[in-house]
Amino acid sequence: MAETAIQTRDLTRDFESVRALDSLTLEIPAGSIFGFLGPNGAGKTTTIRLLLGLLSPSSGTACVLGSDTTVDPAAIRQRTGALLDHTGLYERLTAEENLEFYGRVWQLDANARRKRIQELLERIGLWERRSERPIEWSRGMRQQLALARALVHSPDLLILDEPTAGLDVLAAETVRERLAALVADRGTTVFLTTHNMVEAERLCDEVAVINSGCLLAHGTPVQVRGEHDDLESAFLALVRTARAES
Amino acid sequence: MSQDTRTVMWKEWRSILRSQSRRWRVIAMLGAPLILFGVYVPWDAGEYWLIGPPPIIGAIALAILTVVLTIPDSIAGERERHTLETLLASRLPDRAIVLGKLGFSFGLASMIAISMLVLGLVTFNLAHWNGSVTTYELWTGLAALTFSILMALLGAGVGVSVSLRAASAQEAQQTLTMLMFLPPTFLGITMMMLGRRASEGGGIAELMSRWDPVHVGIVLAGILLIVDVFVIVSAVKRFERAQLIQVV
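Those protein sequence lines, which keep their order, are chains Y and L.
Position one of the first sequence corresponds to residue 1 (my numbering), numbered consecutively onward.
Position one of the second sequence corresponds to residue 1001 (my numbering), numbered consecutively onward.
Okay, chain Y solo, but in the shape it has when bound:
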């Protein structure tokens, strides 16, 4: 049986009177790509923040890479790379300096850092433009750089909040190929949120659908799709039914 990378039990988070996440129970195997699907405001970002130990749960538990998010969040962040809803790139630093900073954050020594930065920038075809500031780049290029930054310390878990949002078809496909290669080569676990159902269907080993903080379905894309033609139809049916019932 595969090792578990992420395990949540009745994970709940309230913001005053609003329940952002309601009793989420999930188990995500290591070395898989997991797609977390839901409409805006469904609780996806809250879940990411809980998994990274940036927020404490109101009740329930989450265990990531063997560590409890409330007991040892630092150990989780040590082995995790994150690309959140904004690229988080420093507009005043060059592309190379952005990676250099995060290489220093993860305490890579100078030699390893230099090699890793060159390797990552060459892989995304931006090595020649390393002295430029990413603010002058297209969204696709910035997203690629932000993904490279998340990978600078070769994390065991990669958390991505809509990594292909706003990208053109080619750029999105490049990101997807990189993620698939990453899992195949290094066995990295990828937890991603997306609104792109085709992407989830093609890329993910497992998906979960969430609405208003409640888990509606969880399984392989084929299982979640059920009798529907595609994942998008299944997603719409699930969310509409949940909204009609609430």
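The set of hints was computed from the structure by calculation and includes no laboratory data.
From a predicted model like this one, the values you see are computed outputs, not experimental measurements.
The beta carbon of each residue, even a glycine, is placed where N, CA and C say it ideally should be.
Since no wrong hints were added, every one of them can be taken at face value.
One-sided and incomplete, this derived list gives chain L residues near chain Y with beta-carbon spacing under 8 angstroms:
1) Lys1011
2) Arg1081
3) His1082
4) Thr1083
5) Glu1085
6) Thr1086
7) Leu1088
8) Ala1089
9) Ser1090
10) Pro1093
11) Arg1241
12) Ala1242
A partial selection of chain Y residues facing chain L, derived with a Cβ cut-off under 7 angstroms:
13) Leu55
14) Gly88
15) Tyr90
16) Val105
Assemble chain L onto chain Y, guided by the hints.
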């Protein structure tokens, strides 16, 4: 921890160097008082520059100005530019992040205040050369150095707390400017008025005129140090991921 703190300081330093618009803004805002207190006043004031309050006022003003320009941008500005959450999602401890930002701002403020004092001394010696190098009167030099450093520390600590509450870097900068410049201005005006009344004689003013300025300075520095420790500890405690992420 110290390596992490240095890493954050490295990033802050690079951010200032790399930002052309910001670099010129900082140079313009710090350059004017630096020339005023480092060149014009020592040139014009003569010996008074070495014994009087101008170097103390100048060093304090420059230190505060530097902190006002850097701390809000590095905390509230980072939140505004959406880079803070990614930083918080990294392995860096909260303390290393805040100490790195505090350390950078405080270090830069102290460096600029010291540069102004050195520049003032060079200018004075060039303008009023008497055959040998003249330095500040001991207590004047010490007061300028001590108070500028203590005020930089105070400004950095207050700046963190203000930046955590402010909606934007601009708001944080305005609030910090008000908090850091208004009290010393009122204190200065009050002291001047009391000084005038002391010369006329009577009441508290007369009592104050009998105080030894060195002793007053030592007591004030002691009080300021205690306040600094309290403000810095409180700023470090407030800088918590869970608190920050709510407002990101």
